[in-house]
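Chemist: Required output: the full structure, derived from the provided sequences and hints.
Line order of the protein sequences matches chains A and B. Our numbering numbers the first residue of the first sequence as 1 and each following residue consecutively. Our numbering numbers the first residue of the second sequence as 1 and each following residue consecutively.
Calculated directly from the structure, the hints in this document are not laboratory data. Accuracy of the hints is not assured; some may be wrong.
[Claimed, not checked] Heads up, simulated DSS-like pairs for lysine-lysine below, C-alpha to C-alpha not over 30 Å straight-line:
#, chain 1, residue 1, chain 2, residue 2
1, B, 171, A, 7
2, B, 174, A, 7
3, A, 72, B, 60
4, A, 72, B, 59
5, B, 148, B, 60
6, B, 171, B, 59
7, A, 7, B, 60
8, B, 148, B, 174
9, B, 148, B, 171
[To be verified] DEER-style ranges, computed between Cβ atoms:
#, chain 1, residue 1, chain 2, residue 2, range
10, B, 67, A, 26, 19 to 29 Å
11, A, 38, B, 178, 40 to 50 Å
12, A, 37, B, 170, 20 to 30 Å
13, B, 26, A, 110, 40 to 50 Å
14, B, 77, A, 24, 19 to 29 Å
15, A, 28, B, 174, 24 to 34 Å
16, B, 88, A, 29, 38 to 48 Å
17, B, 148, A, 32, 16 to 26 Å
[Stated by the list, open to error] Interface residues of chain B toward chain A, partial, derived using beta-carbon atoms under 7 Å:
#, residue
18, 37
19, 118
20, 147
21, 162
22, 166
23, 173
This structure is a prediction, so every number in the text was calculated from the model and none was measured. Glycine residues also receive a C-beta, built at the ideal position from the N, C-alpha and C atoms.
Each chain is listed here by its residues.
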Amino acid sequence: MTPVQRKRLEEVLDAYGATTSRWPVEELDDLLALVGSSPEARALMDEHLRLDTALAMLGEPPASDRLADRLKGLRPPVPVSKVRPRPVALVAGWLGVDRWQPVAAGFAAASLLFAAVWFSLASGPSGLSGDTGSVSVADIPAIVPAGIPAEIPPRQTASAETPETASDLSLVDLPTPAFDRIEDSEPLITAVAVE
Amino acid sequence: MTAREDDVLIEAASRGDAAAWSGLVDRHLQAVIDFSWYKLGDRAAAEDIAQDVFVRLMKKAPNWEPGGPTIRAWLFRVAMNLCIDRMRAKPMLALETVDYVPLANPAPEADIDDRIAWQRAVRAAIDDLPERQQTAIVLVHYQGLSNKEAADLLEVSVEALESLLSRARRKMRKRLDPLKAELMEISS
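Modeler: In structure tokens:
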């Protein structure tokens, strides 16, 4: 064993001890060859082996299954940027797009465009047209109390046609209902003379 | 167990993959407990620290950048800092309270009292080391890290690591030498 080899072996033993699995990998072969060929090197190793034995007596802490189970129950927080709104995520999935933000932006733009087109079509070119649709006064059933003849000639009717304006609409005059006042009618209970 | 596999697991875990997260716990929890236990000598404290370390990893997961420090190195570094904080905040444990751990292969004739006395002596020798020397011993002797891994973790060169280890072992040998004869009897 040369002085240089001895010096390096002592350095390695001082630092890593006599357990060769801790020795630097890149020097391992040379050092093992040295120990195998030199009784002096083996004696140096034996000195350090005692401390390794002492250190090994500390043992190892037992495993903690309960802690492992607790930790496995935790879930890393999913960052907001990785959360896809469901419908958008679905469409993004159909399109094979990994990033959902562009799909969401497309949705928003398409919705705005659709709303704009719909409003312009609904309002028409001249605003209110006066078209009241198919509903006319004639279609509205008159509320006629019972006992009144069904055929009551209207005092005035607007026309046979559907009235065009609100001024053409007139209420049908109905005769006063032929309800008798209760004091003018026959008594409801007839007195019976008792002999 | 490769760093690349860890990167894949943590990326999946950050997307809510429970199996990937469990895989990370299985791969690294015991090493973090061991490291903290060797540093502190107290199982409950070691478990507290290990839990804290993994909660931090869980929070870190969505922002984990692959290709940087390995997950194991990150875990050890966080555990190391938490152990230092704890040692500063709390006085060292009395030796009587240090855990006794049965050895895996005790000699049948060994006296249990002698073993407890030895464990306490070794524990005391480790506790008395300066912090960085202690961490170097724990990483290389007990955790089995290579010299390069341990040097990276301590942010020193391999030569500086060897210096830390040499000084630590010299101190421990000096302290334990008087008990050497007993040790050789027990371990024979």
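Chemist: So which hints don't hold here, by number, going up?
Modeler: 6, 7, 11
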